[in-house]
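J.: One-letter residues, chain by chain:
There are 2 protein chains.
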Amino acid sequence: MKTVSENRCFGGVQGVYSHASDATACDMTFGLFLPEEATEGPVPLLWYLSGLTCTHENAMTKAGAQAWAADHGIAVVFPDTSPRGEGVANDEAYDLGQGAGFYVNATQNPWAPHFRMWDYIAEELPRILSANFPIDEERQSITGHSMGGHGALTLAMRYPGRFRSVSAFAPIAHPTQSDWGRKQFTAYLGADEATWAEHDASLLMVRDGFDGPVLIDQGASDQFFDLLKPEALAHAMAARRQDGQFRMQKGYDHSYYFVSTFMADHIDFHAAALSA
Amino acid sequence: MKTVSENRCFGGVQGVYSHASDATACDMTFGLFLPEEATEGPVPLLWYLSGLTCTHENAMTKAGAQAWAADHGIAVVFPDTSPRGEGVANDEAYDLGQGAGFYVNATQNPWAPHFRMWDYIAEELPRILSANFPIDEERQSITGHSMGGHGALTLAMRYPGRFRSVSAFAPIAHPTQSDWGRKQFTAYLGADEATWAEHDASLLMVRDGFDGPVLIDQGASDQFFDLLKPEALAHAMAARRQDGQFRMQKGYDHSYYFVSTFMADHIDFHAAALSA
Chain A
1 MKTVSENRCF GGVQGVYSHA SDATACDMTF GLFLPEEATE GPVPLLWYLS GLTCTHENAM
61 TKAGAQAWAA DHGIAVVFPD TSPRGEGVAN DEAYDLGQGA GFYVNATQNP WAPHFRMWDY
121 IAEELPRILS ANFPIDEERQ SITGHSMGGH GALTLAMRYP GRFRSVSAFA PIAHPTQSDW
181 GRKQFTAYLG ADEATWAEHD ASLLMVRDGF DGPVLIDQGA SDQFFDLLKP EALAHAMAAR
241 RQDGQFRMQK GYDHSYYFVS TFMADHIDFH AAALSA
Chain B
1 MKTVSENRCF GGVQGVYSHA SDATACDMTF GLFLPEEATE GPVPLLWYLS GLTCTHENAM
61 TKAGAQAWAA DHGIAVVFPD TSPRGEGVAN DEAYDLGQGA GFYVNATQNP WAPHFRMWDY
121 IAEELPRILS ANFPIDEERQ SITGHSMGGH GALTLAMRYP GRFRSVSAFA PIAHPTQSDW
181 GRKQFTAYLG ADEATWAEHD ASLLMVRDGF DGPVLIDQGA SDQFFDLLKP EALAHAMAAR
241 RQDGQFRMQK GYDHSYYFVS TFMADHIDFH AAALSA
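Taken in sequence, the protein lines are chains A and B. Under the working numbering, the residue at position 258 of the first sequence is numbered 258, and the numbers go up by one with no gaps. Under the working numbering, the residue at position 249 of the second sequence is numbered 249, and the numbers go up by one with no gaps.
Since the hints were derived computationally from the structure, they do not count as laboratory data. Take the hints with a grain of salt, since some may be wrong.
Because identical chains cannot be distinguished in the list, a pair is counted as satisfied if it fits within a single copy or across any two copies.
Derived SDA-like pairs (lysine to any residue); straight-line CA-CA distance at most 25 Å [said to hold, decoys possible]: (1) K62 / Q177; (2) K250 / D208; (3) K62 / P113; (4) K250 / A264; (5) K250 / A276; (6) K183 / V206; (7) K250 / D265; (8) K250 / E138; (9) K2 / E40; (10) K250 / D268; (11) K250 / R139; (12) K62 / G87; (13) K183 / Y94; (14) K183 / A67; (15) K62 / A276; (16) K183 / D243; (17) K250 / S18; (18) K250 / F262; (19) K250 / N7.
Here the structure is a predicted model, which means the values were calculated and not measured.
Could you build all of it, start to finish, from the sequences and the hints given here?
T.: Rendered as structure tokens:
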């Protein structure tokens, strides 16, 4: 693992690190905020998964998480959203290929050799973090924005017991019924839609739910509202009696201005679960 | 109008009053909390509509609203849930007839002569309140529990501009598709289901929405969950991008213990809208 940069930030350290990844067969870069408390012992960890076109850097610089994470003594990891590099397949579209990993393990060519973001986030990066940083593996929560909200919700529901709480900002909520989903699942997973269901937050909410609290914020003026399909997730949460809140935020769009506005609420929400 | 009782309460007055009603053709009784500020001039008004089997008294004594209403200088009115008296039709079931007016104007016999709770709440009682108490008609909001949540939501959506905010505790959310609704609408409104749609919060949310903020709390352990159908309302709110929040409260049932727990949140919510 290589240290790309480390900066003092809200009494802790905002680091950027890179490493060779077995899961994605390329070098991967991630950001990690460690609060001051990490100098004394293991701290809880909040995962922040980013959306389409983002690298590890966008949320790290624009989501405003560090101030609130420092208040609560919580670490935040900002993974990249896909494999990258010259040998890695890509597409001209912004929503397929590099920057658009969709948190799945691709089974179809040309994507299969590198696009294994599910294994990277669920298995490899946790090992790397635990081996190199003072992280308390027993206290983890997860959040994300848009495609990253999709990743956060699907990971949280498919790894029961791992995350104490899950939240999402304007998640891609029902990708099997959206152009943000059908296109990518066809490319990465193939035409057999039975394999897609494991990566649809609304379907997983109907089938499994989440064994902790859920917080969803959705901007009412989100320019991608019709692609996100939040109504499917809201219905599934209510029908399942899922512990949680679905909040429609009047006037907010899909940007980091929306994310940063409600970041304090989300970190307070996770901190309550992580300290319980 | 006759004063039944007046008691000092949180610096204001909790009164109970009765009057002959034109709408329901019988005597009606209501509770009204006036905060201390009402001695100086008109105050905002929050309507609290009660659920099946309740009179004006249940919420007045068990919902815990007066403390928070006093904090914000807001009046709260607690109407009865149906016409009552010896000449008024009734049924042996708890969910039809007296105590179960469902906030509609009955068109079918034997209910039509008295069961006109829609007109009573929407037209007659507002006139009586304005004529007799220092109420600021320009600042009104509405809430309710169960059948009263149904009433609050349907009144709020069908009188745009009248209420600045609407909330509900475990509302009957989709009565046209529930045994809490189909039975009563058949009895009161007749078999033509086209007339029912005007009294279904989920259908009105799809068609009209509400021109202000909405707050819904639903207990996850509500013993009547399947009759309430909150998932239909959650879907409709999200699909419409309705400004508001839908909160699933883990472990709470349908009782006033649930209502009183979240009453402070609801009155804070309405106070923000009423003071804007």
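J.: Hints first: check each against the structure and report whether it holds.
T.: Comparing the hints with the structure gives:
1. When the C-alpha separation of K62 and Q177 is checked against a cutoff of 25 Å, the pair qualifies neither within a copy, at 30 Å, nor between copies, at 46 Å.
2. Taking the shortest alpha-carbon separations for K250 and D208, only the inter-copy value of 16 Å comes in at or below 25 Å, while the best intra-copy value is 30 Å.
3. Taking identical chains as interchangeable, the C-alpha atoms of K62 and P113 are never at most 25 Å apart, the minima being 31 Å within one chain and 63 Å between chains.
4. Taking the shortest Cα distances, K250 and A264 sit within 25 Å of each other both inside one copy (18 Å) and across copies (22 Å).
5. For a Cα distance limit of 25 Å, the shortest separation of K250 from A276 across copies, 16 Å, qualifies, whereas the shortest one inside one copy, 31 Å, does not.
6. For a Cα distance limit of 25 Å, the shortest separation of K183 from V206 inside one copy, 23 Å, qualifies, whereas the shortest one across copies, 29 Å, does not.
7. Taking the shortest alpha-carbon separations for K250 and D265, both the intra-copy value of 16 Å and the inter-copy value of 19 Å come in at or below 25 Å.
8. Only between protomers do K250 and E138 lie at most 25 Å apart by alpha-carbon distance; the minimum there is 23 Å, versus 36 Å within a single protomer.
9. In this homomeric assembly, K2 and E40 come within 25 Å of each other (Cα to Cα) only inside a single copy, at 23 Å, whereas the closest approach across copies is 70 Å.
10. Taking the shortest Cα distances, K250 and D268 sit within 25 Å of each other both inside one copy (21 Å) and across copies (18 Å).
11. In the homo-oligomer, the alpha carbons of K250 and R139 lie at most 25 Å apart only across protomers (21 Å), although the nearest pairing inside one protomer, at 33 Å, exceeds that limit.
12. Proximity of K62 and G87 under a CA criterion of 25 Å is satisfied in neither setting, with 29 Å inside one chain copy and 68 Å between copies.
13. Within a single copy, K183 and Y94 get their C-alpha atoms as close as 12 Å, which meets the 25 Å cut-off; across copies the closest is 53 Å, which misses it.
14. Taking the closest pair of Cα atoms, K183 and A67 never come within 25 Å of each other, the shortest separation being 37 Å inside a single copy and 55 Å across copies.
15. Neither within a single protomer nor between protomers do K62 and A276 lie at most 25 Å apart by alpha-carbon distance, with minima of 29 Å and 31 Å respectively.
16. In this homomeric assembly, K183 and D243 never come within 25 Å of each other (Cα to Cα): the closest approach is 32 Å inside a single copy and 31 Å across copies.
17. For a Cα distance limit of 25 Å, the shortest separation of K250 from S18 qualifies neither inside one copy, at 39 Å, nor across copies, at 41 Å.
18. Taking the shortest alpha-carbon separations for K250 and F262, both the intra-copy value of 12 Å and the inter-copy value of 23 Å come in at or below 25 Å.
19. For the identical chains of this complex, K250 and N7 are neighbours neither inside a copy (36 Å) nor across copies (41 Å), given an alpha-carbon limit of 25 Å.
Checked against the numbered hints above, the structure violates hints 1, 3, 12, 14, 15, 16, 17, 19; every other hint is satisfied.
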